[in-house]
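Number of protein chains: 2
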Amino acid sequence: MSAQLLSGKEVAAIVRDEVAHRVAALADRGRSVGLATVMVGEDPASEIYVRSKHRAAERAGMLSFDHQLPADAGQEQVERLVESLNRDPQVDGIIVQLPLPSGLDGNRAVACIDPAKDADGLHPYNLGLLALERGYLRPATPSGIMRIMQHYGIETAGRLALIIGRSLLVGKPMALLLGAKGVDATVVQAHSRTQQLDDLIAKADILVAAIGKPRFIHGSQIKRGAVVIDVGINRTKEGLVGDVDFDSAVEVAGAITPVPGGVGVMTVASLLANTVTAAELAFAG
Amino acid sequence: MSAQLLSGKEVAAIVRDEVAHRVAALADRGRSVGLATVMVGEDPASEIYVRSKHRAAERAGMLSFDHQLPADAGQEQVERLVESLNRDPQVDGIIVQLPLPSGLDGNRAVACIDPAKDADGLHPYNLGLLALERGYLRPATPSGIMRIMQHYGIETAGRLALIIGRSLLVGKPMALLLGAKGVDATVVQAHSRTQQLDDLIAKADILVAAIGKPRFIHGSQIKRGAVVIDVGINRTKEGLVGDVDFDSAVEVAGAITPVPGGVGVMTVASLLANTVTAAELAFAG
Numbered sequence: 002m003s004a005q006l007l008s009g010k011e012v013a014a015i016v017r018d019e020v021a022h023r024v025a026a027l028a029d030r031g032r033s034v035g036l037a038t039v040m041v042g043e044d045p046a047s048e049i050y051v052r053s054k055h056r057a058a059e060r061a062g063m064l065s066f067d068h069q070l071p072a073d074a075g076q077e078q079v080e081r082l083v084e085s086l087n088r089d090p091q092v093d094g095i096i097v098q099l100p101l102p103s104g105l106d107g108n109r110a111v112a113c114i115d116p117a118k119d120a121d122g123l124h125p126y127n128l129g130l131l132a133l134e135r136g137y138l139r140p141a142t143p144s145g146i147m148r149i150m151q152h153y154g155i156e157t158a159g160r161l162a163l164i165i166g167r168s169l170l171v172g173k174p175m176a177l178l179l180g181a182k183g184v185d186a187t188v189v190q191a192h193s194r195t196q197q198l199d200d201l202i203a204k205a206d207i208l209v210a211a212i213g214k215p216r217f218i219h220g221s222q223i224k225r226g227a228v229v230i231d232v233g234i235n236r237t238k239e240g241l242v243g244d245v246d247f248d249s250a251v252e253v254a255g256a257i258t259p260v261p262g263g264v265g266v267m268t269v270a271s272l273l274a275n276t277v278t279a280a281e282l283a284f285a286g
Numbered sequence: 002m003s004a005q006l007l008s009g010k011e012v013a014a015i016v017r018d019e020v021a022h023r024v025a026a027l028a029d030r031g032r033s034v035g036l037a038t039v040m041v042g043e044d045p046a047s048e049i050y051v052r053s054k055h056r057a058a059e060r061a062g063m064l065s066f067d068h069q070l071p072a073d074a075g076q077e078q079v080e081r082l083v084e085s086l087n088r089d090p091q092v093d094g095i096i097v098q099l100p101l102p103s104g105l106d107g108n109r110a111v112a113c114i115d116p117a118k119d120a121d122g123l124h125p126y127n128l129g130l131l132a133l134e135r136g137y138l139r140p141a142t143p144s145g146i147m148r149i150m151q152h153y154g155i156e157t158a159g160r161l162a163l164i165i166g167r168s169l170l171v172g173k174p175m176a177l178l179l180g181a182k183g184v185d186a187t188v189v190q191a192h193s194r195t196q197q198l199d200d201l202i203a204k205a206d207i208l209v210a211a212i213g214k215p216r217f218i219h220g221s222q223i224k225r226g227a228v229v230i231d232v233g234i235n236r237t238k239e240g241l242v243g244d245v246d247f248d249s250a251v252e253v254a255g256a257i258t259p260v261p262g263g264v265g266v267m268t269v270a271s272l273l274a275n276t277v278t279a280a281e282l283a284f285a286g
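Top line first, the protein sequences correspond to chains A and B.
Residues are numbered in my numbering as their position in the first sequence, beginning at 1, plus a constant of 1.
Residues are numbered in my numbering as their position in the second sequence, beginning at 1, plus a constant of 1.
Incorrect hints may appear among the rest.
Each pair may be met inside one copy or between any two copies, as identical chains are not told apart.
Claimed, not checked - Subject to a maximum C-alpha distance of 27 Å in a straight line, what follows is the list of computed DSSO-like cross-link-like pairs (lysine-lysine): (1) Lys204 <-> Lys182; (2) Lys214 <-> Lys10; (3) Lys238 <-> Lys224; (4) Lys204 <-> Lys238; (5) Lys204 <-> Lys224; (6) Lys238 <-> Lys182; (7) Lys10 <-> Lys238.
Since the hints were derived computationally from the structure, they do not count as laboratory data.
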């Protein structure tokens with residue numbers, strides 16, 4: 002039997018729709034919602050991401066502000082720009098597009114964002130609130146994954162959730178979200194130094210692959226009926242593929258996210274949701 | 002064969018000694034170090050803890066400031082006091098003794114502490130830095146456990162570390178510390194909703210028990226040679242006992258922390274270390 006498809010595309014459309022309604026509701030009360038991006042230097046991949054964020058923001062009825070700094074901009078110049086956006090009442094969400102050119106400190110730039118305008122949910126204060134289970138602006142990709150699981154009614158309580166990868170953007174916040182009260186998965190965080198990974202994969206009821214290696218996990222390794230969340234977006238000669246070998250995994254898993262059309266498309270939708278949440282809170286005062 | 006004893010008492014004495022030297026070095030340059038506690042209402046257990054913190058601070062050569070508010074103090078009164086301590090140049094570390102009387106919000110009070118004076122390392126900003134692996138003021142108990150493990154040369158890389166408990170004070174920050182780069186354990190975070198706990202305990206190379214149930218884990222459940230860190234401090238008719246049945250575990254484990262004299266004594270030493278770190282950073286400007 003073939004696994005249920007967890008369509009990020011479908012859920013993202015719902016989220017974008019919700020966001021558009023919330024933006025319209027604020028507009029009715031005379032309040033605009035604005036998303037600002039900060040990009041330093043030229044990077045083709047980053048430019049594509051940034052453009053897609055602006056397009057999505059505009060489709061949702063938001064204002065969007067595109068700030069470009071030259072590749073040789075200094076740290077101080079980046080931070081001054083962020084601080085001016087912190088003060089700008091038209092800006093509700095700020096994104097510093099990472100990675101910054103070498104020589105610049107992306108972490109420090111992100112830490113300059115007003116936590117109340119942190120569209121990516123990556124400011125230390127918001128990550129701390131996440132650990133405290135009080136976060137409201139959450140890292141976009143893990144937050145999108147949680148939304149997919151909720152949409153499809155995936156049970157999590159007491160189940161063994163293996164997260165492969167411990168990045169700040171995905172692995173670590175994912176562990177906090179899946180292990181939080183009310184979600185209640187038993188979370189295992191694995192990484193490149195993990196021994197006995199095969200054994201852990203074979204036992205996982207929920208498998209989140211955030212490794213960055215094309216088709217690293219084969220269906221034969223996966224527990225029958227497992228929920229497979231594939232965060233990988235690897236460019237290969239055959240096109241975009243995930244960290245999981247989809248064709249073999251779909252025969253074993255109970256449910257699986259495809260690549261593309263799975264987790265990836267949720268990320269932009271999630272950061273739009275963060276931005277309108279920030280605007281609503283600012284508007285409520 | 003009997004397990005190696007991991008003596009928190011011994012390591013805490015070393016830490017306290019280091020702290021006293023660092024305090025003395027600052028004193029030589031005309032800089033005092035001060036620890037302030039905020040306690041609301043009367044709670045015999047909390048009073049004992051607070052007294053022991055002041056005693057330890059004074060022995061390390063610090064100034065210590067004891068602030069008591071009546072049980073009927075309002076949230077605003079607590080926060081005003083914290084903010085006045087934030088501004089007080091003699092105060093380097095601030096502790097809001099938890100739990101606060103019902104009706105008061107301990108989380109909010111802690112979030113009022115200047116993150117740079119957060120002796121307990123529980124401010125959201127510092128927890129976020131911990132997730133980012135850039136934390137310098139870390140939650141006291143997990144930080145004490147890491148110090149014990151370092152002292153005894155416990156290997157962590159690639160080993161399976163099971164943390165039972167997901168409290169903000171112990172379980173969650175412990176997971177972040179054990180899974181960080183350079184420490185590199187594969188971390189499993191279990192809790193009351195976890196299924197197959199026995200199976201996980203049997204596999205764990207490192208077992209951190211932060212459950213709060215006397216002798217919940219018996220030696221027969223533990224993997225031979227495992228490192229057992231017992232965070233439990235349970236008052237029973239026979240005195241203080243841990244979450245692990247020491248007498249049976251000591252025969253199976255490779256190394257084990259006793260109760261008392263294990264993890265518990267590290268907590269105060271760790272928060273003194275945080276306080277002098279805060280003072281050094283403030284002094285360095």
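Okay, the hints, checked on the actual structure:
Both within a single protomer and between protomers do Lys204 and Lys182 lie at most 27 Å apart by alpha-carbon distance, with minima of 22 Å and 25 Å respectively. Taking identical chains as interchangeable, the C-alpha atoms of Lys214 and Lys10 lie at most 27 Å apart only when both belong to the same chain, with a minimum of 22 Å there against 46 Å between chains. Proximity of Lys238 and Lys224 under a CA criterion of 27 Å is satisfied in neither setting, with 29 Å inside one chain copy and 46 Å between copies. For the homomeric pair Lys204 and Lys238, neither the shortest alpha-carbon distance inside one copy (32 Å) nor that between copies (41 Å) is at most 27 Å.
In this assembly of identical chains, the alpha carbons of Lys204 and Lys224 lie at most 27 Å apart whether taken from the same copy (6 Å) or from different copies (19 Å). In the homo-oligomer, the alpha carbons of Lys238 and Lys182 never lie at most 27 Å apart, since the shortest distance is 42 Å inside one protomer and 32 Å across protomers. Taking the shortest alpha-carbon separations for Lys10 and Lys238, only the intra-copy value of 23 Å comes in at or below 27 Å, while the best inter-copy value is 59 Å.
In the structure shown, a violation is registered for the earlier hints numbered 3, 4, 6, in ascending order.
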